[in-house]
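K.L.:
Position one of the sequence shown corresponds to residue 443 (this note's numbering), numbered consecutively onward.
Read the hints as simulated data drawn from the structure, not as lab findings. The structure displayed is predicted, hence computed values, not measured ones. Take these hints with a grain of salt, some might be off.
Said to hold, decoys possible - What follows is a list of derived Cβ distance ranges for each label pair:
{"hint": "1", "residue 1": "Arg536", "residue 2": "Glu452", "range": "32 to 40 Å"}
{"hint": "2", "residue 1": "Ala513", "residue 2": "Trp533", "range": "40 to 48 Å"}
{"hint": "3", "residue 1": "Ala513", "residue 2": "Leu485", "range": "53 to 61 Å"}
{"hint": "4", "residue 1": "Asn470", "residue 2": "Arg514", "range": "50 to 58 Å"}
{"hint": "5", "residue 1": "Trp533", "residue 2": "Val468", "range": "34 to 42 Å"}
{"hint": "6", "residue 1": "Ser530", "residue 2": "Gln497", "range": "20 to 28 Å"}
{"hint": "7", "residue 1": "Gly466", "residue 2": "Leu500", "range": "49 to 57 Å"}
{"hint": "8", "residue 1": "Glu486", "residue 2": "Gln511", "range": "45 to 53 Å"}
{"hint": "9", "residue 1": "Ala528", "residue 2": "Asn494", "range": "21 to 29 Å"}
{"hint": "10", "residue 1": "Arg527", "residue 2": "Glu452", "range": "31 to 39 Å"}
{"hint": "11", "residue 1": "Asn470", "residue 2": "Gln498", "range": "41 to 49 Å"}
{"hint": "12", "residue 1": "His504", "residue 2": "Leu526", "range": "20 to 28 Å"}
{"hint": "13", "residue 1": "Glu486", "residue 2": "Phe523", "range": "16 to 24 Å"}
Note that beta-carbon positions come from the ideal geometry of N, C-alpha and C, so glycine has one too.
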Amino acid sequence: MDALQQSLAETLSSGSLGSSDSSGNVANYMGQMAMAMGKLGTLEGFIRQADNLRQQTLQQMHRILTTKQSARALLAIHDYFSRLRALSSLWLARPKE
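From just these sequences and the hints, can you work out the full model?
P.N.:
This is the structure we're talking about:
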């Protein structure tokens, strides 16, 4: 999500909003918004695909693994996401250059 926010900020700030022609400003702004909305649409599609894959995997888990293996897998997934959250917090708290 941070990468998306950064990408949108760059898209919106990349244009030259300082021209004296107000219709040019509006057209430029609309173009930037269209690009930003396109990026959001692409991200939404990617997230939907990832969520569908996650759901399918969890639904198929009982066919592939035993109960004990499933429990271990879920514990490993929980541990992985806990570590990922901790790493993300450290990354966000790092000193900025």
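K.L.:
Taking the beta carbons of Asn470 and Gln498, is their distance inside 41 to 49 Å?
P.N.:
For Asn470 and Gln498 the Cβ distance comes to about 43 Å; the hint holds.
K.L.:
Taking the CB of Trp533 and the CB of Val468, does the distance hold inside 34 to 42 Å?
P.N.:
holds, 38 Å
K.L.:
Would you say the C-beta atoms of Asn470 and Arg514 sit inside 50 to 58 Å of each other?
P.N.:
holds, 55 Å
K.L.:
Between Ala528 and Asn494, does the beta-carbon spacing fit 21 to 29 Å?
P.N.:
holds, 28 Å
K.L.:
At the C-beta level, are Ala513 and Leu485 separated by a distance inside 53 to 61 Å?
P.N.:
violated, 33 Å
K.L.:
For the hint 45 to 53 Å, verify it against the beta carbon of Glu486 and that of Gln511.
P.N.:
violated, 33 Å
K.L.:
Go ahead and decide if the range 16 to 24 Å is satisfied by the Cβ distance of Glu486 to Phe523.
P.N.:
This hint holds: roughly 22 Å between Cβ atoms.
K.L.:
Tell me if the beta carbons of Arg527 and Glu452 are separated by a distance inside 31 to 39 Å.
P.N.:
violated, 26 Å
K.L.:
Taking 32 to 40 Å as the stated bounds, is the beta-carbon spacing between Arg536 and Glu452 within them?
P.N.:
Given range 32 to 40 Å: violated, Cβ gap about 20 Å.
K.L.:
Using the Cβ atoms, figure out if Gly466 sits within 49 to 57 Å of Leu500.
P.N.:
Because 51 Å falls inside the window, the suggested range holds.
K.L.:
Is the gap between the beta carbons of Ala513 and Trp533 within 40 to 48 Å?
P.N.:
The hinted range 40 to 48 Å is violated for Ala513 and Trp533, with Cβ atoms some 30 Å apart.
K.L.:
Do the Cβ positions of Ser530 and Gln497 conform to the proposed distance bound of 20 to 28 Å?
P.N.:
holds, 24 Å
The structure is inconsistent with the numbered hints 1, 2, 3, 8 and 10, although it conforms to all the rest.
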